[in-house]
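Colleague: The residues making up each chain are set out below.
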Amino acid sequence: MSKDNKMKHLTQLGISSRMNFLFQASNLMAVGNQPKLAAYYGKLCRNVGNKAVMHMAPALKRSLCRRCFLPLIPGVNTELHVAEGAQDAKTAAHAPSNGAAKTKKKRHRRQRKKPQSQNTGNTNQEESEVQIQESTEQLSLFLECSLCCGRRSFAANSQRDCWLEQPQSMVQVVSFPKEKDQR
Amino acid sequence: MEHATSELREFISDLVIPHQRCNVNINPDHITMLEGTKIKKQHSRKRRAHKSSTLSRREYAALGLNTLPTKQMKYEEALPLHHLWKGYVREHLQLREGDEVPKVHDGRYDEFSRKLVKLDLHGAKLKVLQSKCSTLESLAGICVMDTKNVLKLLGKDHRVRTIPKSECVFGLKVGNMEFTIFGQHLNIRPAERSVKKIKNFVKPFM
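The listed protein sequences correspond, in order, to chains W and G. FYI, in UniProt numbering the residues of the first sequence are 1 to 183. FYI, in UniProt numbering the residues of the second sequence are 1 to 206.
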């Protein structure tokens with residue numbers, strides 16, 4: 001079993017090193033003010049992964065633009081904005097996809113119902129805490145792509161992490177013998 | 001701002017007769033950019049709701065992402081890419097300092113050549129050794145783009161040149177090793193090349 005596993009990792013090694021190289025190249029080109037090449041390498045990195053049925057790490061995938069695969073580096077390419085007034089109906093209509101706005105509303109309702117039902121025993125302090133939580137959950141940051149004007153938005157909520165970034169998701173660590181000298 | 005107008009300048013100066021091109025002097029204050037066009041059709045709200053988050057191929061081409069500007073990239077800007085590529089090759093082929101190409105009777109030979117075919121060429125220094133078209137011969141440069149039928153090389157004279165793969169034989173140097181690549185066998189999309197199964201025997205064409 002372990003031998004099989006190791007063999008499987010070894011066959012994918014070439015592809016993962018290629019994806020790694022392409023991602024680094026796309027970042028390099030983005031810093032060097034060549035957005036077209038950067039987007040091309042980013043897209044190729046995604047395509048190589050797709051062909052070989054391999055996933056990019058979610059943290060890396062998030063740094064690429066969803067539409068044109070330009071790596072979004074705040075301070076170089078883009079600026080990190082805070083989305084204004086998520087509660088306003090006007091901005092909700094402006095949100096890129098209608099589905100996201102709908103789910104936000106649903107969440108809002110559910111959380112309002114719960115404190116109301118428990119309201120009998122609760123003090124005012126707890127209520128205010130809940131409100132703070134709500135406000136932080138609705139706060140979202142976004143990066144706007146300079147090439148295609150696509151937006152990548154992130155919820156500013158540290159409680160809900162991606163599953164792959166939690167320590168429980170790790171099953172096994174495979175390490176390869178390192179080269180002694182890099183050059 | 002300068003970066004945005006440099007493409008226009010190149011386009012305008014290309015329209016002028018070659019021996020008068022050096023006299024072209026464009027004042028950047030005189031350039032007026034008109035952004036966007038008139039909306040032809042008022043989209044209904046329903047349609048806007050279904051707008052997908054990904055770009056279609058037509059939109060992708062309209063952004064100009066399939067074409068590269070020919071004269072705007074400097075050779076020096078591509079050198080860090082070449083350095084990155086060197087590191088990648090060493091990792092991919094698992095090379096050490098002073099390694100030689102394995103001989104045909106060597107046990108490592110099969111695996112090595114299989115890896116070599118799947119190598120990524122972006123950032124490699126390539127040279128055209130032989131070609132059906134004589135003007136392409138002895139062109140050299142850093143490969144910046146790799147498509148199904150064409151390689152784009154950035155030469156030392158800061159020009160991006162498009163070279164068809166199928167007609168050429170390329171030379172590639174890694175450390176003290178030299179490889180000769182028959183371009184005919186590179187005629188696959190770069191993303192598909194890494195998963196393509198290679199037959200045992202391929203004939204060189206020239």
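Just to be clear, a hint being listed does not mean it is correct.
Stated by the list, open to error - Covered stretches of chain W, as calculated for chain G (at least 3 residues, CB under 8 Å):
1. 26-35
2. 39-49
3. 147-153
4. 165-174
What the hints assert, rightly or not - Pairs of lysine to aspartate or glutamate residues, derived as DMTMM-like cross-links and limited to a Cα-Cα distance of at most 25 Å, are as follows:
5. G/Lys115 - G/Asp99
6. G/Lys152 - G/Glu111
7. W/Lys61 - G/Glu7
8. G/Lys152 - G/Glu77
9. G/Lys196 - G/Asp157
10. W/Lys61 - W/Glu144
11. W/Lys51 - G/Glu76
12. W/Lys51 - G/Asp146
13. G/Lys165 - G/Glu137
14. G/Lys173 - G/Glu192
15. G/Lys127 - G/Glu76
16. G/Lys132 - G/Asp146
17. G/Lys132 - G/Glu91
18. W/Lys61 - G/Glu76
19. W/Lys61 - G/Glu91
20. W/Lys51 - G/Asp99
21. G/Lys125 - G/Glu137
22. G/Lys148 - G/Glu178
23. W/Lys61 - G/Glu10
24. G/Lys74 - G/Glu35
25. W/Lys51 - G/Glu192
26. G/Lys127 - G/Glu137
27. G/Lys173 - G/Glu111
28. G/Lys156 - G/Glu7
29. W/Lys51 - G/Glu59
30. G/Lys152 - G/Glu137
31. W/Lys51 - G/Glu178
32. G/Lys196 - G/Glu137
33. G/Lys148 - G/Glu59
34. G/Lys156 - G/Asp146
Said to hold, decoys possible - In silico contact screen, one side only, chain W against chain G (beta carbon under 10 Å); selected entries:
35. Ile15
36. Arg18
37. Leu22
38. Ala52
39. Met56
40. Ile73
Because the hints were derived from the structure by calculation, they are not lab data. Even for Gly, the Cβ is constructed at its ideal location relative to N, Cα and C.
Colleague: None of the hints should be skipped; say for each whether it holds.
Modeller: Do the hints match the structure? See the list:
{"no.": "1", "hint": "26-35", "result": "holds (count 5)"}
{"no.": "2", "hint": "39-49", "result": "holds (count 6)"}
{"no.": "3", "hint": "147-153", "result": "holds (count 3)"}
{"no.": "4", "hint": "165-174", "result": "violated (count 0)"}
{"no.": "5", "hint": "G/Lys115 - G/Asp99", "result": "holds, 15 Å"}
{"no.": "6", "hint": "G/Lys152 - G/Glu111", "result": "violated, 28 Å"}
{"no.": "7", "hint": "W/Lys61 - G/Glu7", "result": "violated, 30 Å"}
{"no.": "8", "hint": "G/Lys152 - G/Glu77", "result": "holds, 15 Å"}
{"no.": "9", "hint": "G/Lys196 - G/Asp157", "result": "violated, 35 Å"}
{"no.": "10", "hint": "W/Lys61 - W/Glu144", "result": "holds, 15 Å"}
{"no.": "11", "hint": "W/Lys51 - G/Glu76", "result": "violated, 33 Å"}
{"no.": "12", "hint": "W/Lys51 - G/Asp146", "result": "holds, 17 Å"}
{"no.": "13", "hint": "G/Lys165 - G/Glu137", "result": "holds, 12 Å"}
{"no.": "14", "hint": "G/Lys173 - G/Glu192", "result": "holds, 24 Å"}
{"no.": "15", "hint": "G/Lys127 - G/Glu76", "result": "holds, 18 Å"}
{"no.": "16", "hint": "G/Lys132 - G/Asp146", "result": "holds, 20 Å"}
{"no.": "17", "hint": "G/Lys132 - G/Glu91", "result": "violated, 34 Å"}
{"no.": "18", "hint": "W/Lys61 - G/Glu76", "result": "violated, 29 Å"}
{"no.": "19", "hint": "W/Lys61 - G/Glu91", "result": "holds, 23 Å"}
{"no.": "20", "hint": "W/Lys51 - G/Asp99", "result": "violated, 31 Å"}
{"no.": "21", "hint": "G/Lys125 - G/Glu137", "result": "holds, 15 Å"}
{"no.": "22", "hint": "G/Lys148 - G/Glu178", "result": "holds, 24 Å"}
{"no.": "23", "hint": "W/Lys61 - G/Glu10", "result": "violated, 35 Å"}
{"no.": "24", "hint": "G/Lys74 - G/Glu35", "result": "violated, 28 Å"}
{"no.": "25", "hint": "W/Lys51 - G/Glu192", "result": "holds, 7 Å"}
{"no.": "26", "hint": "G/Lys127 - G/Glu137", "result": "holds, 8 Å"}
{"no.": "27", "hint": "G/Lys173 - G/Glu111", "result": "holds, 19 Å"}
{"no.": "28", "hint": "G/Lys156 - G/Glu7", "result": "holds, 20 Å"}
{"no.": "29", "hint": "W/Lys51 - G/Glu59", "result": "holds, 23 Å"}
{"no.": "30", "hint": "G/Lys152 - G/Glu137", "result": "holds, 15 Å"}
{"no.": "31", "hint": "W/Lys51 - G/Glu178", "result": "violated, 30 Å"}
{"no.": "32", "hint": "G/Lys196 - G/Glu137", "result": "violated, 29 Å"}
{"no.": "33", "hint": "G/Lys148 - G/Glu59", "result": "holds, 20 Å"}
{"no.": "34", "hint": "G/Lys156 - G/Asp146", "result": "holds, 18 Å"}
{"no.": "35", "hint": "Ile15", "result": "holds, 5 Å"}
{"no.": "36", "hint": "Arg18", "result": "holds, 5 Å"}
{"no.": "37", "hint": "Leu22", "result": "holds, 7 Å"}
{"no.": "38", "hint": "Ala52", "result": "holds, 5 Å"}
{"no.": "39", "hint": "Met56", "result": "violated, 14 Å"}
{"no.": "40", "hint": "Ile73", "result": "violated, 16 Å"}
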